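Just need the whole structure built from these sequences, with the hints factored in.
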Amino acid sequence: MEKIASFTIDHIRLQPGVYVSRRDTVGNEVITTFDLRMTSPNEEPVMNTAEMHTIEHLGATFLRNHSVYGARTIYFGPMGCRTGFYLLLAGAYESREIVPLITEMYEFIRDFRGAVPGADPKDCGNYLDMNLGMANYLANRYLDNVLYQIDESRLVYPQ
Numbered sequence: 032m033e034k035i036a037s038f039t040i041d042h043i044r045l046q047p048g049v050y051v052s053r054r055d056t057v058g059n060e061v062i063t064t065f066d067l068r069m070t071s072p073n074e075e076p077v078m079n080t081a082e083m084h085t086i087e088h089l090g091a092t093f094l095r096n097h098s099v100y101g102a103r104t105i106y107f108g109p110m111g112c113r114t115g116f117y118l119l120l121a122g123a124y125e126s127r128e129i130v131p132l133i134t135e136m137y138e139f140i141r142d143f144r145g146a147v148p149g150a151d152p153k154d155c156g157n158y159l160d161m162n163l164g165m166a167n168y169l170a171n172r173y174l175d176n177v178l179y180q181i182d183e184s185r186l187v188y189p190q
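Using our numbering, the first residue of the sequence shown is number 32, and each one after it goes up by one.
Think of the hints as simulated: they come from the structure by calculation, not from any bench. Predicted model, so just to flag it, every value in this text is computed and none were measured. You may find that some hints are simply not true.
What the hints assert, rightly or not - FRET-style restraints, in silico, Cβ to Cβ: (1) Arg127 to Lys153: 36 to 42 Å; (2) Lys153 to Val187: 39 to 45 Å; (3) Ala146 to Glu60: 31 to 37 Å; (4) Arg53 to Met165: 26 to 32 Å.
We put the beta carbon where it would ideally sit given N, CA and C, even for glycine.
And the structure:
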């Protein structure tokens, strides 16, 4: 079998950033998949499921309610390796174009207090696996270490 595209990225050189993972055409629409890499693969500890689950709930809620990107959001969810998230948007986008959206989303997650949307037994299949404090911390870390001073080295996959 052929390797899928995401397994051809050099995860030894990959650093946290905002990357175009792939573009697919569905009917007449282009779907852009973004790799929102929050930790350095195989160098740093991975994120725990509780904080990833919280980021997923908050990020999805933010994106689906966004005045511009809400209708263009196809999916936001965690990577199996627990080093980041995938965001799928309808449209052909470049990484730099969505940095303001991603920054706004992670500021929302960093600053969020209170009950996590959907963290209720009737709304979620694992509602107890949440960690808002760590989600706030990790969002702040991503903002400070990546998003606020992002450059080309964090917008294009390493060769």
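Cross-check of the supplied hints:
no., hint, result
1, Arg127 to Lys153: 36 to 42 Å, "holds, 40 Å"
2, Lys153 to Val187: 39 to 45 Å, "holds, 43 Å"
3, Ala146 to Glu60: 31 to 37 Å, "holds, 35 Å"
4, Arg53 to Met165: 26 to 32 Å, "holds, 29 Å"
Against the hints set out earlier in the document, no violation occurs for any number.
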